[in-house]
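Undergrad: Read off the chains here:
Number of protein chains: 2
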Amino acid sequence: MKKLGKQTIKFDNPPCITEVASIVGPKEAQGPLANYFDQCLEDEFWGEKTWEKSESKIIKETVNMSIAKSGIPSNNIEYCFAGDLLNQCISSSFGLRELNIPFIGIFGACSTFVEGLSLGAIFTEACAEHVLCAASSHFCSAEKQFRFPLELGNQRPQSSQWTVTGAGSAILSKTGSGPFITHITTGKIVDMGIKDANNMGAAMAPAALDTLLCHFKDTGRSPNYYDAILTGDLGYVGKEILIELAQDKGYHIKQNYNDCGVLIFDKDKQDTHSGGSGCACCATVFSGYFFKQLKDKKMKRILLIATGALTNATSSQQGESIPGIAHAVSIEM
Amino acid sequence: MKKLGKQTIKFDNPPCITEVASIVGPKEAQGPLANYFDQCLEDEFWGEKTWEKSESKIIKETVNMSIAKSGIPSNNIEYCFAGDLLNQCISSSFGLRELNIPFIGIFGACSTFVEGLSLGAIFTEACAEHVLCAASSHFCSAEKQFRFPLELGNQRPQSSQWTVTGAGSAILSKTGSGPFITHITTGKIVDMGIKDANNMGAAMAPAALDTLLCHFKDTGRSPNYYDAILTGDLGYVGKEILIELAQDKGYHIKQNYNDCGVLIFDKDKQDTHSGGSGCACCATVFSGYFFKQLKDKKMKRILLIATGALTNATSSQQGESIPGIAHAVSIEM
Chain A
0 MKKLGKQTIK FDNPPCITEV ASIVGPKEAQ GPLANYFDQC LEDEFWGEKT
50 WEKSESKIIK ETVNMSIAKS GIPSNNIEYC FAGDLLNQCI SSSFGLRELN
100 IPFIGIFGAC STFVEGLSLG AIFTEACAEH VLCAASSHFC SAEKQFRFPL
150 ELGNQRPQSS QWTVTGAGSA ILSKTGSGPF ITHITTGKIV DMGIKDANNM
200 GAAMAPAALD TLLCHFKDTG RSPNYYDAIL TGDLGYVGKE ILIELAQDKG
250 YHIKQNYNDC GVLIFDKDKQ DTHSGGSGCA CCATVFSGYF FKQLKDKKMK
300 RILLIATGAL TNATSSQQGE SIPGIAHAVS IEM
Chain B
0 MKKLGKQTIK FDNPPCITEV ASIVGPKEAQ GPLANYFDQC LEDEFWGEKT
50 WEKSESKIIK ETVNMSIAKS GIPSNNIEYC FAGDLLNQCI SSSFGLRELN
100 IPFIGIFGAC STFVEGLSLG AIFTEACAEH VLCAASSHFC SAEKQFRFPL
150 ELGNQRPQSS QWTVTGAGSA ILSKTGSGPF ITHITTGKIV DMGIKDANNM
200 GAAMAPAALD TLLCHFKDTG RSPNYYDAIL TGDLGYVGKE ILIELAQDKG
250 YHIKQNYNDC GVLIFDKDKQ DTHSGGSGCA CCATVFSGYF FKQLKDKKMK
300 RILLIATGAL TNATSSQQGE SIPGIAHAVS IEM
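Chains as they are written, first to last, in numbering that gives the first Met the number 0: chain A, 0 to 332; chain B, 0 to 332.
Hints were generated in silico from the structure; no laboratory data involved.
Misleading hints may appear alongside valid ones.
Unchecked claim - Computed list of lysine-lysine pairs in DSS-like fashion (alpha-carbon distance at most 25 angstroms, straight line):
#1 Lys216/B x Lys248/B
#2 Lys2/B x Lys2/A
#3 Lys299/A x Lys68/A
#4 Lys291/B x Lys2/B
#5 Lys2/A x Lys68/A
#6 Lys1/B x Lys2/A
#7 Lys9/A x Lys216/A
#8 Lys68/B x Lys5/A
#9 Lys143/A x Lys194/B
#10 Lys9/B x Lys216/B
#11 Lys9/B x Lys9/A
#12 Lys143/B x Lys143/A
#13 Lys48/B x Lys194/A
#14 Lys299/B x Lys9/B
#15 Lys173/A x Lys9/B
#16 Lys5/A x Lys173/B
#17 Lys173/A x Lys296/A
#18 Lys266/B x Lys248/B
#19 Lys9/A x Lys173/B
#20 Lys299/A x Lys9/A
#21 Lys173/B x Lys1/B
#22 Lys194/A x Lys143/B
#23 Lys68/B x Lys173/B
#24 Lys173/A x Lys297/A
#25 Lys1/A x Lys2/B
#26 Lys1/A x Lys173/B
#27 Lys1/B x Lys173/A
#28 Lys194/B x Lys48/A
#29 Lys253/B x Lys297/B
#30 Lys2/A x Lys173/B
#31 Lys143/A x Lys9/A
#32 Lys9/A x Lys2/B
#33 Lys253/B x Lys216/B
#34 Lys9/B x Lys1/A
#35 Lys291/B x Lys266/B
#36 Lys1/B x Lys9/A
#37 Lys173/A x Lys5/B
#38 Lys1/A x Lys1/B
#39 Lys5/B x Lys68/A
Given the structure is predicted, the values throughout are model-derived calculations rather than measurements.
Kindly generate the complete structure, drawing on both the sequences and the hints.
TA: Here it is as structure tokens:
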């Protein structure tokens, strides 16, 4: 691998995304991408007693499904990179405790899936034959933890987003038929002073811009190089902000840019306001929809930029702003 | 780099730990290692209004101190790996948001510092000249979040541990005069069904054993290869368990094994029961004490195994057991 500029790595032998899996909740099952996911759940509990246990089951079953689909014996998978939004990432650690694969816990808030793909790609080129990257989130456990008890039935402002219930998992391999991770651009923490925990899109858009510009600068590519540029969960509000911010810097991304949080729900019919969010948002939309578009050669090159809001409930109560981060992977056939 | 066995990587060009820094709180400043830390604070708040903000300041200043001591311009440091125990790792993200270095958030509970050294070592051999690894914890913010409000003055059982207030930071470089990270052994999640959140040592000891045995098996080394084998924060209870478990497997580690949580406090004078814990425990004890022992050639080879309890307050309330993990780095002059 080779460093391009300050933040991008170009792989000499691009790691292959061998297989993916995605499981989503009932709300996502009513959305426009429902047919692309491997499994849609009928209720939020999936037979478990709590939302946290349900989220653990979702990531566990998603990971197991990706391994089964790949046909790779699980003891040939050398590392597992995983994380989630729950305090101390318990969804991943409880869900994957029986996996018996060396485990590297990661936290990048909603950027976690792409952080995992980035680290996984480096390990795959440097020292491993196969690795696994996974992330999950759950609407109910996230609302309970970050905002208000669901039972309160609080009204949600129009800028708020709907945490995706689900998990995505990807297996990376040294060799294969693609798609391939050709570049990664690792983001810096960017804090523009936004304090509204119900407007994560605005808080994260500047981080997405920073990583996007850096990726273009480091690689010498321009927006039209990609069939699709995708952010993870900026939602409708953040998406518009990013388009404008990029335009101010001379990059016109409107033609081929979209956001996984915009794509996963039908805003008008599903009352999801600014769109989807959560670690599972880009993890399921990539693993469900875009992976197949690449495999079927309907798309050849995508840039996936997952954004994360590095905040918690206590920091907001203490008057802190919301730092954002964004990590990008270039995925090509 | 080269894979040895299932879980160990041996570096062809072992990354150098160029510089370290450590800042600790007032309790640690009364302990037996006080003179080895770079800075000891006089109170838990360090001029901040909350414990969380204080913890962020501690990791920020520790990281800045390690950069300053190294003499490496901060824009030559290519990646920062950091994490902590607070929900959503806010100590690291708030503390390091002005750092302006590509940021990779990690979570391994109290194993975070060694997880960072492991990832940092791989990046340093594979693609970076200099990287930074840091971790923090804070007694007050941890008690508040994981156990009870400090104001309650709850009695603590003898098996309970005292979260270290402080942070450790290490800069790894492609070249230098040592000490060097020669091997890393990445742990699996191990859950033996222990449910007592006041006995973390017992919950984590089986994970430490798993990684320890794996390291010996993968490398062909035996305990007496090392001048010191060190666990992160098993405390007095977990240390005894690990000695016994290892003995049952035919490894006699008693002679050269100790635990950073045992070393950092004076059990009798400081009322710290089973000893220190937290991400900062091994981060400060390594950065404060052992790094200097290696630099001064009083020791030549140490094995640092940091253990983490992958649990949170909610999972314990839901009757879950406490999964453990342990990551090891072999550090040699």
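Undergrad: Taking the hints in turn, state whether each one holds.
TA: Tested hints:
no.	hint	in the structure
1	Lys216/B x Lys248/B	12 angstroms, holds
2	Lys2/B x Lys2/A	23 angstroms, holds
3	Lys299/A x Lys68/A	23 angstroms, holds
4	Lys291/B x Lys2/B	29 angstroms, violated
5	Lys2/A x Lys68/A	33 angstroms, violated
6	Lys1/B x Lys2/A	21 angstroms, holds
7	Lys9/A x Lys216/A	13 angstroms, holds
8	Lys68/B x Lys5/A	23 angstroms, holds
9	Lys143/A x Lys194/B	24 angstroms, holds
10	Lys9/B x Lys216/B	13 angstroms, holds
11	Lys9/B x Lys9/A	24 angstroms, holds
12	Lys143/B x Lys143/A	19 angstroms, holds
13	Lys48/B x Lys194/A	18 angstroms, holds
14	Lys299/B x Lys9/B	17 angstroms, holds
15	Lys173/A x Lys9/B	19 angstroms, holds
16	Lys5/A x Lys173/B	17 angstroms, holds
17	Lys173/A x Lys296/A	21 angstroms, holds
18	Lys266/B x Lys248/B	29 angstroms, violated
19	Lys9/A x Lys173/B	19 angstroms, holds
20	Lys299/A x Lys9/A	17 angstroms, holds
21	Lys173/B x Lys1/B	16 angstroms, holds
22	Lys194/A x Lys143/B	24 angstroms, holds
23	Lys68/B x Lys173/B	17 angstroms, holds
24	Lys173/A x Lys297/A	24 angstroms, holds
25	Lys1/A x Lys2/B	21 angstroms, holds
26	Lys1/A x Lys173/B	15 angstroms, holds
27	Lys1/B x Lys173/A	15 angstroms, holds
28	Lys194/B x Lys48/A	18 angstroms, holds
29	Lys253/B x Lys297/B	20 angstroms, holds
30	Lys2/A x Lys173/B	14 angstroms, holds
31	Lys143/A x Lys9/A	40 angstroms, violated
32	Lys9/A x Lys2/B	23 angstroms, holds
33	Lys253/B x Lys216/B	19 angstroms, holds
34	Lys9/B x Lys1/A	21 angstroms, holds
35	Lys291/B x Lys266/B	24 angstroms, holds
36	Lys1/B x Lys9/A	21 angstroms, holds
37	Lys173/A x Lys5/B	17 angstroms, holds
38	Lys1/A x Lys1/B	19 angstroms, holds
39	Lys5/B x Lys68/A	23 angstroms, holds
Violated hints, in rising order: 4, 5, 18, 31; the structure is consistent with all others.
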